[in-house]
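There are 2 protein chains.
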Amino acid sequence: MSSNDTAAEANTIQLLEAPSVQALVKQVRAQDTYGFYKNWSDDLILKPFIIDRRERRKISIEGEVDPATKNRIDLFYRAIASRIEQETGPVVQVVIEVNHEGFGWALVFCGRLLLVTRSLRDAHRFGFDSLEKLALEAEKLTQAGIKLAKDYPEVYKL
Amino acid sequence: MSSNDTAAEANTIQLLEAPSVQALVKQVRAQDTYGFYKNWSDDLILKPFIIDRRERRKISIEGEVDPATKNRIDLFYRAIASRIEQETGPVVQVVIEVNHEGFGWALVFCGRLLLVTRSLRDAHRFGFDSLEKLALEAEKLTQAGIKLAKDYPEVYKL
Numbered sequence: 001m002s003s004n005d006t007a008a009e010a011n012t013i014q015l016l017e018a019p020s021v022q023a024l025v026k027q028v029r030a031q032d033t034y035g036f037y038k039n040w041s042d043d044l045i046l047k048p049f050i051i052d053r054r055e056r057r058k059i060s061i062e063g064e065v066d067p068a069t070k071n072r073i074d075l076f077y078r079a080i081a082s083r084i085e086q087e088t089g090p091v092v093q094v095v096i097e098v099n100h101e102g103f104g105w106a107l108v109f110c111g112r113l114l115l116v117t118r119s120l121r122d123a124h125r126f127g128f129d130s131l132e133k134l135a136l137e138a139e140k141l142t143q144a145g146i147k148l149a150k151d152y153p154e155v156y157k158l
Numbered sequence: 001m002s003s004n005d006t007a008a009e010a011n012t013i014q015l016l017e018a019p020s021v022q023a024l025v026k027q028v029r030a031q032d033t034y035g036f037y038k039n040w041s042d043d044l045i046l047k048p049f050i051i052d053r054r055e056r057r058k059i060s061i062e063g064e065v066d067p068a069t070k071n072r073i074d075l076f077y078r079a080i081a082s083r084i085e086q087e088t089g090p091v092v093q094v095v096i097e098v099n100h101e102g103f104g105w106a107l108v109f110c111g112r113l114l115l116v117t118r119s120l121r122d123a124h125r126f127g128f129d130s131l132e133k134l135a136l137e138a139e140k141l142t143q144a145g146i147k148l149a150k151d152y153p154e155v156y157k158l
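Those sequence lines, one after another, are chains A and B.
According to this note's numbering, the first sequence is numbered sequentially starting from 1.
According to this note's numbering, the second sequence is numbered sequentially starting from 1.
Okay, chain A solo, but in the shape it has when bound (with noise of 0.2 angstroms):
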């Protein structure tokens, strides 16, 4: 094993440990009822999420959106609208809504407030390049979320 593969596989047990990516960990394994990812990593939990730019293109966009997809999709922002929870309190929902051609929105709010708007495109495609990417955009909407709580507590409450 070469010092840039050690090096690699350190940043991976790194980022696996980013709170929000444990997070997104964490939703997936509530979902498993029948205990079938009991006994799997989180870096293979989360493989169906890390897909590059050449295999994205792969994907036909026609037709609906794999369920499966626009499962992972709602468990992306509802790890996200848990984070945005756990640092402000009240319950945050999250609506995802894609159309056949898979345009639509994925909205996280809590009261009157919307803690996330991301309007979806080819969402047939949905993952990112990196595990990192994955990471840093979470890590990104979530901050982002928690300090429009803090600045509009009162819509927040509403």
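One thing to keep in mind: the hints can contain errors.
Claimed, not checked - In silico SDA-like cross-links for lysine to any residue, where the CA-CA straight-line distance does not exceed 25 angstroms: (1) A:Lys-70 - B:Lys-70; (2) A:Lys-140 - B:Glu-154; (3) A:Lys-70 - B:His-124; (4) A:Lys-157 - B:Lys-26; (5) A:Lys-70 - B:Phe-103; (6) A:Lys-70 - B:Thr-69; (7) A:Lys-157 - B:Glu-137; (8) A:Lys-70 - B:Ile-61; (9) B:Lys-150 - A:Phe-128; (10) B:Lys-150 - A:Glu-154; (11) A:Lys-150 - B:Asn-71; (12) B:Lys-70 - B:Phe-49; (13) A:Lys-70 - A:Phe-128; (14) A:Lys-70 - B:Pro-67; (15) B:Lys-140 - A:Lys-140; (16) B:Lys-70 - B:Leu-136; (17) B:Lys-150 - A:Pro-153; (18) A:Lys-157 - B:Lys-70; (19) A:Lys-70 - B:Asn-71; (20) B:Lys-150 - A:Ile-146; (21) A:Lys-157 - B:Pro-90; (22) A:Lys-70 - B:Thr-117; (23) A:Lys-70 - B:Leu-120; (24) B:Lys-70 - A:Asp-74; (25) A:Lys-70 - B:Arg-118; (26) B:Lys-70 - A:Glu-97; (27) B:Lys-157 - A:Gly-111; (28) A:Lys-70 - B:Glu-101; (29) B:Lys-26 - A:Asn-99; (30) B:Lys-157 - A:Pro-153; (31) B:Lys-150 - A:Asp-151.
Worth flagging that the hints you see were computed from the coordinates, not collected in a lab.
Could you slot chain B onto chain A? The hints should help.
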């Protein structure tokens, strides 16, 4: 024709002219790209929105929500969004999410502010007891949305 009937008819004509009802008629006609409803009265166009309690109960809540029903939910909230837009300026978005069990959310928002948040139940049975109830409900939601937009202009424009 009894005087009661005449009174009811006059009432219907008046209701059909209410801004909330006209906004809905406009939404339905806007969708009518093939001019199918061209010669239909407003009253007839709105018929599918009026289902009395007894009739509603007969609609099965098993299986997917009928796409035509989902479309009507969408039109109803789009009509509200269009009226808020007219009052306040910026583009108002509508997101309807209905799951297989007929549960979901109707959200109308602008910027980071949610103007309407309605949780949906038994969406299969969406409809109003009377044109009057439809008009009242639409008006109530519209006015509440406009008030929110005016109360929190900063969040509305985020």
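Unsatisfied constraints (hint numbers, rising):
Result: hints 4, 9, 11, 15 and 18 break, sorted rising.
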